[in-house]
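Colleague: For the protein sequence lines, the chains are W and D, in the order given.
Residues in the first sequence are numbered from 1312 upward in steps of one, following our numbering.
Residues in the second sequence are numbered from 33 upward in steps of one, following our numbering.
Please keep in mind that the hints were generated in silico from the structure rather than gathered at the bench.
Where is the CB? At the ideal position from N, CA and C, for every residue including glycine.
Errors might be hidden in some of the hints.
Partial pick of chain W residues on the chain D-facing surface, computed with a CB cut under 8 Å [as the list claims (entries may be wrong)]:
{"id": "1", "residue": "Ser1395"}
{"id": "2", "residue": "Ile1397"}
{"id": "3", "residue": "Gly1428"}
{"id": "4", "residue": "Val1467"}
{"id": "5", "residue": "Leu1469"}
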Amino acid sequence: MLMVRLFVGITLVVVCALVGVYKSRKFETREHILREAIYLFRGLENEIRFSLNTLPNAIEIIRQRMNTHLKDVLGSISLMLIKSNIDNSEMSGELDRLDSLTSYDKQIILTGITSLGSSDIDGEQGIINMTISSLESELDEAIESKKKNSKMYKTVGLATGLVIAIILI
Amino acid sequence: MARYTQNMTFYFSLLMYIFIGGFMDYVLNILPMEIMQLVLRLDNLDSITEIRLRAGKNIYVYFGLEECVLPYIISKMDLINILKNISFNSIYSVQQEINNGFVTITGGHRIGVVGEIVLKDGVVTNVKNISSMNIRIAKEYIGISNDVLDKVLVLGSVLNTIILSPPLCGKTTLLRDLARNISNSGKNVCIVDERGEIAPMYDSKCILDVGNRTDVISGGTKDIGIRIAVRSMAPNVVCVDEIGTKKDAEALKYLSISGVNFIATMHGKSINDLLLSDISCLLKEGYISRAILLSNKNGIGTIENVYTDLSSNFRP
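In isolation and in its complexed conformation, chain W is listed as follows (with noise of 0.2 Å):
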């Protein structure tokens, strides 16, 4: 009886500290994000400064050095460029599997993107730099939530697990 309460109890912790990690997780990936979504956005000044890329072309050229999820959104938004006669709710419904950016986060994004190809190169440039500054205060304000946020987290996981275990055993 005491082993079965003994591994039930282990099992909580374990389970508990998990979901902690999982939650903090949530914070560091969304640094991540941002800090590629504003590497897309220098990459294009460049495609579209210098190669005068088509934009379907450079969001994928770019998306293949990515390793987030953000490489696989922009993946599809690539091909919906593409076609003709867009729909901007089908691009937002793709940065929508982005979870852990903040919604406000996904908005600039989606609208550096959308904004972008209606202009010539200055007006594309001025799109792009205002993105880029958007994009580095949420970054900010990511890293100083990471750093509040992500170890509670995880504290707070492991010490609901290990009180749920003392209780129960």
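Following the hints, put chain D in place on chain W, whose structure we already have.
Modeller: Frame of chain W; chain D shown alone:
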């Protein structure tokens, strides 16, 4: 539900067209959905030669010299959306072409774009408030040069030839077919295609048949292209479209001096227009041996006259 029905209608129409097949597929792809559906309802899609779109006006579709008005008023957004579709949602990538007045799309179709021109130091830097577009459908007519080939290719050598006509009379189409015929007869032909009209390229291959021994230099100006052609490809014949400047004349002289023959097109209603143009020196100095005059009297590509003794008649 409405959007679903609209999409279904569109895909059905598109499927029908793909099933039938034709020249228009690249053009249909760039049109906004409502316009595409209207165009798809027309009979003889493959006979369309032009689609003219003007902001605030109806759509005018031309079947050669016949006109058809479609019941749709074009908005400014429609024109911008077409530009976005042409450029894969990257208008900046075709900015230079827009500044030059037209964009060539896959399939060699040319889209003329006009609006309010923005000048800086005398150079067009942008075209804003786009007001009109003219979609000209490129067509391939294999064999239309057979009747004039023996006038251009004499005793195994190609004579320097100018094809003259007003717009929309089939100059480029005749030039393309001449290039194909000459190339297939064993000569190395180089097409210097400034605007991607004679030999539109896609994925490093020419979409239209320009012959088996033909090289294509696209983009860049004609004079630069001609010099590259002579230096790097050693052709027997060079084909160029729409010459008209002194630089073009100099480049064609350089070709002749280098022992390379040329076939070129230019705008004009008669041989006198050639004499009044900036390239008249070519005629006066005996660099041109043949001139083919086209019109659309009996349909596009009507051969009005072939001048065969130019070098003696027009020398001062």
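Colleague: Does each hint hold? Answer for all of them.
Modeller: Quick rundown of the hints versus the structure:
The beta carbon of Ser1395/W comes within 4 Å of a beta carbon in chain D, closer than 8 Å, and the hint placing it at the interface holds. At about 7 Å, the closest approach between the beta carbon of Ile1397/W and any beta carbon in chain D falls short of 8 Å, and the interface hint on this residue holds. Among the interface hints, the one on Gly1428/W holds; its C-beta lies about 4 Å from the nearest C-beta in chain D, closer than the 8 Å criterion. Of the supplied interface hints, the one on Val1467/W is violated, with its beta-carbon coming no nearer than about 45 Å to a beta-carbon of chain D, more than 8 Å.
The closest approach between the C-beta of Leu1469/W and any C-beta of chain D is roughly 49 Å, which is over the 8 Å cut-off, so the hint fails.
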